[in-house]
Amino acid sequence: MTATRVVALVCCLASIYFLAVLVPEVGASAAAMGTGDFYSVGPTALPNFAGVMTLLLGLGVFVTSGPVAADGGGSPFTRGLVPGVIFTAMLVVYAVAMLSIGFLAASVLFLAVVFIVYRAASWPIALVLTIVVPVLVDQVLRKLFLIPLPSGIWF
Amino acid sequence: MDPLLQAFWGLMEPVTLLTLFISVAVGLVIGAIPGLSVNIAVALAVPLTIFMPTDQALVTLIGLYGAGIFGGSISAILLNAPGTPASAATIFDGYPMAQQGLATKALRISLIASAFGAIFSIILLVLLAPQLANFALRFGPVEIASLLFFTFLIIGILSGTSLMKGLLSGAIGMLLATVGTDPMLGTPRFTFGSTALMDGLTYVPLLVGLFAVAEILEEATRRFSQSDRKFDLGDENAAANRLSWTEFKGMLVPMTRASAIGSAIGIMPGIGATIASFMSYADAKRSFNKHDTFGKGDPRGVAVSESANNAVVGATFIPTLALGVPGDAVTAILLGALVLQGVTPGPLIFITSPDIVYTIYFALLFATLLMVGIGYFAVRPLAMTLRIPKIYLMPCVALVCVAGSYVTRNNVMDIYVMLGAGILGFVFNRTAIPVAPLLITFIITPPFEQALRQALTRSQGSFEPFLTNPVSLTLGAAAIGLFVLAAYRSRRQARAQPVERTQNP
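Listed in order, the protein sequences are those of chains A and B.
In this text, residue positions in the first sequence follow the numbering used here: the first is 258, and each later residue adds one.
In this text, residue positions in the second sequence follow the numbering used here: the first is 9, and each later residue adds one.
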């Protein structure tokens, strides 16, 4: 099973759930409100259309993409996936930490961990960037655009 | 005050001029760096433009867009890797020129051709957009719904290599756009009880995720590794790198043809600068390759690719301004940014906000002129930006993505939307599902739904108005024609691949 087929299958299953569960819930709450004698197109019209299109096109992609990867060899989808997943996990942790310990602290920690894990060649440059970039972004947004970012306990 | 003068003097404000200068310079740098495309630059700038006055926001985004397209040619010529996908065709002759010690000449030709193509399309924009808008003023809900549905079909059909994948991406965009509040009844839809989703999925984190984060994740899979190939422009022969008047005259006709092709493609929604540059290159190779010099360092090869991709820039504004339909992913981003500024592109913009229209015209023109000025003198410093290691650059860009997504509404939900969109964009890129249809459909779905429901409410649920309206029928016929053509080409390509495999074991 190729990655394209997996994506197509996921789209089909998600659209079936969408059409079978989520859209009727919207329809039920809209029906409870009622529209009186006035004819109107309900809030489920476009979701139904979009859901059906996604289901049909997902099936179409599944059928037309073929069972074997086009290059015939190792799957290109999984190439370098582990470092990519690790970086994604770091981003998630960074986003959560930003709200707890503040933008500056979380950003410094994020950059430090990335430079360590992905082995930045020059430690002085990595160290400078780890401190300077978060401060620069914070100051530009805070002082120039007057946009506050989350603050931590200390800064 | 006359709107033309108002726009001109607004642009002459020192702050606005400085913003334009900075955005052109940043666009050149970001466009030059492989892995950072024009889309990423514009996507990251959108959160900042929310807090700017409208004219300043427009010059920021337009400056980045125009300069970034040219900037992509720098790494295409010097590294054999385009800085932005639109410059992919520039590699064919640009890199061979660099190998022959003519990198500076190639960069200068690229600059001149980019300016030529951009000015060509700006003239077309000024002439055509008001006429198209005038025609579109007569559109009612039936015509608007038909036009937007036609856009959904055409961007799905013409984006990427697979018809089904393009349409699937568009369908998913439409589905995501239904999250939020029903536009006519005000009832919540698919919000799962969250007040953060009552306004729907926010546009800025979605686009930052789809374009910037997806690309950063791709670079992370390569452990942020760097290409080693470099050319030192200081070692080149200055005399050999001068562009003669004869050579320039020889490029005029190819550049004009390429600009016309690029403009025509720019007007059609969903196709974009990449296909424009490839089509122009193929056309020039068919028409001007008598001595078989294309692909071996022919300056005309660089000129046609760059003229075409920059010609798309102005032309994409024609449907965007006149119809409210984005011509490509970047104008989709610009359209969203305009909406955030409280300006709704469409035929009425020429009546309600003509100063905005003139600001866009002037911004495009001044950005092009600045691009020539900065680009001509800054070729060597720009070439040095290619040496910035991705291991330092990409994590910093990721940090800016997170900050930029958060500042839109100071809501953590936006960061999760950005991350989800980033993963989705990464998966799409790996499975050759185009991302642009998703974003463009996401933007056009709310006006499409509104127009469709108005039309159906008027007709008491009957689709008869769509089957009898001349605009609707014309667009329907055009969509069917394009669908058949795309399906035929897909089948031809699929049949050709097994033959190639048996011939090349």
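Note that these hints are calculated values from the structure, not bench results.
The beta carbon of each residue, even a glycine, is placed where N, CA and C say it ideally should be.
Among these hints, one or two may not hold up.
Said to hold, decoys possible - From the structure, some residues in chain B lie toward chain A, with a derived Cβ separation under 8 angstroms: (1) Asn142; (2) Leu145; (3) Met182; (4) Asp190; (5) Thr195; (6) Cys404.
To be verified - To give a feel for the contact side, a few chain A residues facing chain B, derived at Cβ under 10 angstroms: (7) Leu270; (8) Ala277; (9) Pro304; (10) Phe306; (11) Met310; (12) Val342; (13) Leu356; (14) Gly359; (15) Ala362; (16) Ala377; (17) Pro391; (18) Gly409.
Claimed, not checked - Here are some chain A residues the structure puts well away from chain B; computed CB gaps all over 10 angstroms: (19) Met258; (20) Val264; (21) Ser322; (22) Ile358; (23) Arg376; (24) Leu386.
A quick look at each hint next to the structure:
1. The interface hint given for Asn142/B is broken, as the beta carbon of that residue sits about 30 angstroms from the closest beta carbon of chain A, more than 8 angstroms.
2. Interface hint status for Leu145/B: violated, as the beta-carbon distance to the closest one in chain A is roughly 25 angstroms, over 8 angstroms.
3. Interface restraint check for Met182/B: the shortest CB-CB distance to chain A comes to about 4 angstroms, inside 8 angstroms, so the restraint holds.
4. Below 8 angstroms, beta-carbon pairs count as interface contacts, and Asp190/B has one with chain A at about 4 angstroms; its hint therefore holds.
5. With its C-beta approaching chain A no nearer than about 6 angstroms, Thr195/B sits inside the 8 angstroms limit, and its interface hint holds.
6. About 5 angstroms separates the beta-carbon of Cys404/B from the nearest beta-carbon of chain A, less than 8 angstroms, and the hint is met.
7. Look at Leu270/A: its Cβ only gets to about 13 angstroms from chain B, farther than 10 angstroms, so that hint breaks.
8. A least Cβ separation of about 14 angstroms between Ala277/A and chain B goes past the 10 angstroms threshold, and the interface hint is therefore violated.
9. Below 10 angstroms, beta-carbon pairs count as interface contacts, and Pro304/A has one with chain B at about 5 angstroms; its hint therefore holds.
10. Among the interface hints, the one on Phe306/A holds; its C-beta lies about 8 angstroms from the nearest C-beta in chain B, closer than the 10 angstroms criterion.
11. Proximity of Met310/A to chain B holds as hinted, the smallest CB-CB distance being about 4 angstroms (cut-off 10 angstroms).
12. Here the hint on Val342/A is kept, as its CB sits about 9 angstroms from the closest CB of chain B, short of 10 angstroms.
13. Residue-level restraint check for Leu356/A holds (minimum Cβ-Cβ distance to chain B is 6 angstroms; threshold 10 angstroms).
14. Against a cut-off of 10 angstroms between C-beta atoms, the interface hint on Gly359/A is violated, since the closest Cβ of chain B lies about 12 angstroms away.
15. Taking 10 angstroms as the C-beta contact cut-off toward chain B, the hint placing Ala362/A at the interface is violated, the least distance being around 13 angstroms.
16. A hinted interface residue such as Ala377/A counts as satisfied when its beta carbon comes closer than 10 angstroms to some beta carbon of chain B; here the least separation is about 5 angstroms, so the hint holds.
17. A cut of 10 angstroms between beta carbons decides the hint on Pro391/A: the least distance to chain B is about 7 angstroms, and the hint holds.
18. Interface restraint check: Gly409/A against chain B, minimum CB-CB distance 14 angstroms, threshold 10 angstroms, status violated.
19. Once the 10 angstroms rule is applied to beta carbons, Met258/A is consistent with being away from chain B; the minimum gap is 12 angstroms.
20. The non-interface label for Val264/A is inconsistent with chain B: the shortest C-beta to C-beta separation is roughly 5 angstroms, within 10 angstroms.
21. In this structure Ser322/A is not separated from chain B by more than 10 angstroms, as the shortest Cβ-Cβ distance comes to only about 8 angstroms.
22. Listed as a non-interface residue, Ile358/A keeps its Cβ farther than 10 angstroms from every Cβ of chain B; the least gap is roughly 14 angstroms.
23. The beta carbon of Arg376/A is not kept farther than 10 angstroms from every beta carbon of chain B, the shortest such distance being approximately 8 angstroms.
24. A beta-carbon of chain B comes within 10 angstroms of the beta-carbon of Leu386/A; the shortest separation is about 6 angstroms.
In this structure, the hints that do not hold are numbers 1, 2, 7, 8, 14, 15, 18, 20, 21, 23, 24, in rising order.
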